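Working from the sequences, and respecting the hints, build out all of it.
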Amino acid sequence: MPPLGGTATAYATAIGATYPVLADPTDGVAKGSPWNGATLPGHCAMAPDMTILKCWTGHGEDTQGYDAIKAHAGL
Amino acid sequence: MRSSSLFLVGVLLVACATENGGDQQGSSGASDGGAGGTLDDGSGNADGDCLTDGEELALGTDPNAVDSDMDGVSDCAEIDCVSDPLDTAEVCYACGWKHNDPGNLVSTGATEGSTIANVSLIDQCNEPVNLWDFAGEYHILYLTAAW
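Taken in sequence, the protein lines are chains A and B.
With the working numbering as the guide, the letters of the first sequence map in order to residues 1 to 75.
With the working numbering as the guide, the letters of the second sequence map in order to residues 76 to 222.
No lab work stands behind these hints: they were computed from the structure.
All values reported here derive from a predicted model rather than from experimental measurement.
In this text, a Cβ means the ideal position worked out from N, Cα and C, and glycines have one as well.
Treat the hints with care, as some may be off.
[Stated by the list, open to error] Derived list of chain A stretches under chain B, where covered just means 3 residues or more per stretch with a C-beta under 8 Å from a C-beta of chain B:
id: 1; stretch: 4-18
id: 2; stretch: 24-31
id: 3; stretch: 34-41
id: 4; stretch: 45-53
id: 5; stretch: 62-74
Written as structure tokens, this is what we have:
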């Protein structure tokens, strides 16, 4: 059963999120990014023009995403 | 067993490095306006909303209508929430997200370096959200699954 708004609502409440928590009922992000859903969690760093800068999986691997953003931003 | 159709996407704003972009209608220079002035000098306010007639003309909104696109949300409210006051199909997101899709993006693929597709998602306010409305800032998508 695909996730709907109620799934996003429940998850956002559970983690206390104030940022967007979005259900993806069509697997659109998995189909439209290098992340294929085989390993959780997945991450993708996105530029302001919605370019996919870097995708990676697993916990504790966030540095590469921040590095990709900093490089893109010229920092 | 995880179903591949249960993905959740968390859009995490990376606050350390942002760029302005998108519609950016939130800082329109709107003022309280008020009666007085004339349409000729732009200082009047025929519809009595937060925008002077001159500001309405600059924005393209109707100086004689509080809700130019007649979508049920006033021009002023749409400007405040970064929604297009001239687009009937676009109203404020209940969760407060900005409509930052600049309108000129084209998806170029699904690999690093490509522009991602404008995926339709559903937010925690149970409302459809288009991914490109988060343009204009750096984000990290956190992708997980629900069982």
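Results for each hint:
Coverage of the stretch 4-18 of chain A by chain B holds [criterion: at least 3 residues with CB-CB distance below 8 Å; count 10]. Look at the stretch 24-31 of chain A against chain B: 8 of its residues bring a Cβ nearer than 8 Å to a Cβ of that chain, three or more, so the hint holds. Only when three residues or more bring their CB closer than 8 Å to a CB of chain B does the claim for the stretch 34-41 of chain A stand; here the count is 5, and the claim holds. Coverage of the stretch 45-53 of chain A by chain B holds in this model, with 9 residues showing a Cβ closer than 8 Å to a Cβ of that chain against a need of three.
Look at the stretch 62-74 of chain A against chain B: 7 of its residues bring a Cβ nearer than 8 Å to a Cβ of that chain, three or more, so the hint holds.
Every hint from the earlier list agrees with this structure, and none is contradicted.
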